[in-house]
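As you go down the protein sequences, you meet chains A and B in turn. Throughout the first sequence, residue numbering follows this note's numbering, covering 1314 to 1476 in sequence. Throughout the second sequence, residue numbering follows this note's numbering, covering 287 to 444 in sequence.
In short, the hints are calculated from the structure, not lab data. Heads up, some of the hints might be wrong.
[As the list claims (entries may be wrong)] Across the chosen pairs, the derived CB separations fall in these ranges:
hint	chain 1	residue 1	chain 2	residue 2	range
1	A	A1362	B	E291	14 to 24 Å
2	B	Y444	A	E1407	28 to 38 Å
3	A	C1352	B	M342	24 to 34 Å
4	B	Y444	A	A1359	27 to 37 Å
[Unchecked claim] To spell it out: a stretch of chain A is covered by chain B in this simulated footprint if at least three of its residues, at any positions, have a beta carbon under 8 Å from a beta carbon of chain B; those stretches are:
hint	segment
5	1329-1343
6	1391-1402
Predicted model only: the values in this text are computed from it and were never measured. Every residue gets a Cβ at the ideal spot worked out from N, C-alpha and C, and that includes glycine.
Here is what each chain is made of, one letter per residue.
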Amino acid sequence: MGLLDQRFENGNVFVTSLENLLNWARLSSLYQMQFGLACCAIEMMAASASDFDIMRFGIIPRATPRQADVMFVAGTVTLKMASRIKRLYDQMAEPRYIISMGSCANCGGPYWEHGYHVLKGVDRVIPVDVFVPGCPPRPEALLEGIIKLQEKVRKESLVKKSA
Amino acid sequence: MTAEEILNSLKAKFGDAVVESKLDAPQPWIVINPARMKDIALFLRDDPATQFDYMMCLSGVDYNNGKLGIVYHLFSMVHRHKIVLKAFCTKEQPHIQSVSSVWATANWHEREAFDMYGIVLDEHPDLRRILLPYDWEGHPLRKDYKVPEFYNGMKVPY
Chain A
1314 MGLLDQRFEN GNVFVTSLEN LLNWARLSSL YQMQFGLACC AIEMMAASAS
1364 DFDIMRFGII PRATPRQADV MFVAGTVTLK MASRIKRLYD QMAEPRYIIS
1414 MGSCANCGGP YWEHGYHVLK GVDRVIPVDV FVPGCPPRPE ALLEGIIKLQ
1464 EKVRKESLVK KSA
Chain B
287 MTAEEILNSL KAKFGDAVVE SKLDAPQPWI VINPARMKDI ALFLRDDPAT
337 QFDYMMCLSG VDYNNGKLGI VYHLFSMVHR HKIVLKAFCT KEQPHIQSVS
387 SVWATANWHE REAFDMYGIV LDEHPDLRRI LLPYDWEGHP LRKDYKVPEF
437 YNGMKVPY
């Protein structure tokens, strides 16, 4: 390494592993699928606006699941909507991530007992990476969830770990 | 017009189609024979003395004694008076005449009453579910409704 370091020291070159490079690229540009379901979506919009500025984490809303990397399930998932969410998730290209935002998407929230029409947790239909608690979570909480997701992406490996 | 005058004009015109009334309630109400609902609604809308041109709300009700009903809140923009109409039916024979040809607002309200309570609005132009998916079974706001264990392979209870 010593030789390489000296040789490239003053140029615009640095040395890293492919894994780190890919993870860094991924976590720095998590494109968001632009959709909201209930009041959590209002907090998500607040997070996108200038006060909290979600874009400084590289999150840009995309209007189609095919261009998106991360889906924020922001709000109450009704049974009618659950099959749509499943289809949207299937349309996203891998690698894809899910942040479940708020009590409703996490576990049914206030509808856990009498909500005949509410899915009690979106992880019953799609795999969730990060759960953000709150009813609704403040934008800071959503940012915390995004940072947690970025930490998760940073630890990803190209090599599948053997069991 | 007062509620009493409205009741008297309905009785004079329709006689026994007016079943019952309670005029000292905070919002006076009149119970109507469900099979005559449309004629009475049309009369209340078009009669110059009443002119109920605005249907504020139409709600389905399950009274938890085998009786279902629909409650109509009417208002007249011209005369600034209100009245509440009610029509009852049974769970075995859940039929009430539609008023969507009288007030267009009633169309979606009646679809919701059908969706949630299974009240069949006779002569409704498009009586489909409005909120729940079309393949949903049962009418969830009925008191005897049981939450299904699964819907399309998704577990429903907590």
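Here's how the hints hold up against the structure:
For the hinted restraint 14 to 24 Å between A1362(A) and E291(B), the CB-CB distance of approximately 56 Å leaves it violated. Checked against the hint of 28 to 38 Å, the pair Y444(B) and E1407(A) passes, with Cβ atoms roughly 31 Å apart. The beta-carbon spacing between C1352(A) and M342(B), approximately 27 Å, falls within the hinted interval of 24 to 34 Å. For the pair Y444(B) and A1359(A), the supplied restraint of 27 to 37 Å holds, since their beta-carbon distance comes to about 29 Å.
With a cut-off of 8 Å between beta carbons, the segment 1329-1343 of chain A has 0 residues touching chain B; three or more are needed, and the interface restraint is violated. Requiring three or more residues with a Cβ within less than 8 Å of a Cβ of chain B, the coverage given for the segment 1391-1402 of chain A holds, as 4 such residues are present.
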